[in-house]
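Chemist: Protein sequences appear in the order of chains A and B.
The numbering used here puts the first residue of the first sequence at 1, with every later residue one more than the last.
The numbering used here puts the first residue of the second sequence at 177, with every later residue one more than the last.
Fair warning: there could be bad hints in the mix.
[Said to hold, decoys possible] Result set (SDA-like, lysine to any residue): computed pairs, CA atoms no more than 25 angstroms apart in a straight line: (1) A:K20 - B:D192; (2) A:K20 - B:T249; (3) A:K20 - B:P189; (4) B:K196 - A:I138; (5) B:K196 - A:V30; (6) B:K196 - B:E183; (7) A:K20 - B:V191; (8) B:K196 - B:L180; (9) A:K20 - B:L180; (10) B:K196 - A:V15; (11) A:K128 - B:G238; (12) B:K196 - A:P13; (13) A:K20 - B:Q179; (14) B:K304 - B:L243; (15) A:K128 - A:H99; (16) B:K196 - A:D64; (17) A:K20 - A:V30; (18) A:K20 - B:E315; (19) B:K196 - A:R65; (20) B:K304 - B:A272; (21) A:K20 - B:T184; (22) B:K196 - A:K128; (23) B:K196 - B:Q179; (24) A:K20 - B:K304; (25) A:K20 - B:A272; (26) B:K304 - B:T249.
[What the hints assert, rightly or not] Negatives, chain B to chain A, calculated, CB over 10 angstroms: (27) D223; (28) D224; (29) G254; (30) E255; (31) S256; (32) T299; (33) G300; (34) L301; (35) G306; (36) D309; (37) V316; (38) V317; (39) D333; (40) A334.
These are computed hints drawn from the structure, not numbers from a lab.
Glycine residues also receive a C-beta, built at the ideal position from the N, C-alpha and C atoms.
So you can see what is in the structure, the chains are spelled out below.
2 protein chains.
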Amino acid sequence: MEQLNSETVFDSPFVDVAQKRFRREDGSEVDRQVVEHPGAVGILAYDDEVVHLVSQPREAVGVDRLLEIPAGTLDVEGESDLECAQRELSEEVGLAAAHWERLHTIYPSPGYLSETLTIFAATGLAEKPGETDETEDIEVVRLPLADLDEAIAAIADAKTLVALFLLRDRLRGKRG
Amino acid sequence: MEQLNSETVFDSPFVDVAQKRFRREDGSEVDRQVVEHPGAVGILAYDDEVVHLVSQPREAVGVDRLLEIPAGTLDVEGESDLECAQRELSEEVGLAAAHWERLHTIYPSPGYLSETLTIFAATGLAEKPGETDETEDIEVVRLPLADLDEAIAAIADAKTLVALFLLRDRLRGKRG
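Can you make the complete structure from the sequences, with help from the hints?
Modeler: Have a look at this one:
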């Protein structure tokens, strides 16, 4: 498809909305309102015992403590997605990883949201405390790998569900 | 948490943005900009041979044809989420289902988006053509269950990935 034009109809430090016109492959033209997002990363950080998750208030969905993989928005100019993932892992969980691997890129809500989110696997973990954001209220949760199936049944965050399903496949592959 | 106030700062037929203030459980107050969405449903419709998917242009993420489970927004007043799922299955795939089951509710992007999406399993399928929306360009794709692992590796839509992982678990449970 080809984007014919785009006009920002709402602009804020957090979220933009654009009115766009596209020409599809079949030649037809469509108008779409798109919530513009710079993209994000999520980090599946695990060792032989646990996967490192975070729990935080998520006002947008009215949840006091939502369990998620560490994650962040690509909002620092010049920073790559891998660098963003490394910074977030340090800031949110206090860890560095020797090995990084791109696992999967997902579209959280492709009907109207431009966000793409790349899930990285981070292994070979060592302590590395990073700067913490005092406006955030993040608790680290170390989920035992033995409790993965229970966690999958209870988790509601889409990126975290996908990450834990992928982790389960990796662990089964190792065992098998 | 408690919502103290909310002001709509952007309003359109498709997307609203609200500026909100919340009091957290610890007593602190935070301001959040929230993209407001009425919620959605996704339908995991399958029989012994195939799972019924749809392929459509998704301009928001710049993809000519994205493979997804049938889905829809809760934008018809007075319609329940189950009724919405039944209507979408008929409109997008031309099917009715004898058995409906709530599988999982996910938050696609809980940092700033209020959307919650419930995935239903739909089985006992029979033909039931519904009204089609001529502005939509939807193709039905019948994915053989034997190709599920390949599909999971290739799919980018978050709700569809979660649904296919859940389907794989159900099929394994049946076999085991």
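Chemist: All the hints need checking, so say for each whether the structure fits it.
Modeler: Cross-check of the supplied hints:
1. A:K20 - B:D192: 17 angstroms, holds
2. A:K20 - B:T249: The given pair, whose Cα atoms are some 20 angstroms apart, holds under the 25 angstroms limit.
3. A:K20 - B:P189: 15 angstroms, holds
4. B:K196 - A:I138: Cα-Cα ~20 angstroms, so holds.
5. B:K196 - A:V30: 32 angstroms, violated
6. B:K196 - B:E183: Given pair K196 of chain B, E183 of chain B holds - Cα atoms ~6 angstroms apart, limit 25 angstroms.
7. A:K20 - B:V191: 14 angstroms, holds
8. B:K196 - B:L180: 7 angstroms, holds
9. A:K20 - B:L180: 34 angstroms, violated
10. B:K196 - A:V15: 14 angstroms, holds
11. A:K128 - B:G238: 37 angstroms, violated
12. B:K196 - A:P13: 15 angstroms, holds
13. A:K20 - B:Q179: With Cα atoms ~33 angstroms apart, K20 of chain A and Q179 of chain B exceed 25 angstroms; violated.
14. B:K304 - B:L243: 22 angstroms, holds
15. A:K128 - A:H99: 15 angstroms, holds
16. B:K196 - A:D64: Given pair K196 of chain B, D64 of chain A holds - Cα atoms ~15 angstroms apart, limit 25 angstroms.
17. A:K20 - A:V30: 8 angstroms, holds
18. A:K20 - B:E315: Between K20 of chain A and E315 of chain B the Cα gap is close to 23 angstroms, so the pair holds against 25 angstroms.
19. B:K196 - A:R65: Distance ~18 angstroms between K196 of chain B and R65 of chain A Cα, so the pair holds.
20. B:K304 - B:A272: Given that 25 angstroms is the threshold and the Cα spacing comes to 5 angstroms, the pair holds.
21. A:K20 - B:T184: 22 angstroms, holds
22. B:K196 - A:K128: 35 angstroms, violated
23. B:K196 - B:Q179: Given that 25 angstroms is the threshold and the Cα spacing comes to 7 angstroms, the pair holds.
24. A:K20 - B:K304: Violated: K20 of chain A and K304 of chain B sit about 35 angstroms apart, past 25 angstroms.
25. A:K20 - B:A272: 35 angstroms, violated
26. B:K304 - B:T249: 20 angstroms, holds
27. D223: 23 angstroms, holds
28. D224: 23 angstroms, holds
29. G254: It holds; G254 of chain B is separated from chain A by about 22 angstroms at its closest Cβ, greater than 10 angstroms.
30. E255: 18 angstroms, holds
31. S256: 20 angstroms, holds
32. T299: 20 angstroms, holds
33. G300: 24 angstroms, holds
34. L301: 24 angstroms, holds
35. G306: 19 angstroms, holds
36. D309: 12 angstroms, holds
37. V316: Correct as stated: the minimum Cβ-Cβ distance to chain A is 17 angstroms, above 10 angstroms.
38. V317: Consistent with the label, V317 of chain B stays out of reach of chain A, its closest Cβ about 16 angstroms off (over 10 angstroms).
39. D333: For D333 of chain B, whose nearest Cβ neighbour in chain A is about 5 angstroms away, the distance does not exceed 10 angstroms, so it is violated.
40. A334: The claim breaks: A334 of chain B does not keep its Cβ more than 10 angstroms from every Cβ of chain A (closest is about 4 angstroms).
Going through the hint list in order, the structure does not satisfy hints 5, 9, 11, 13, 22, 24, 25, 39, 40.
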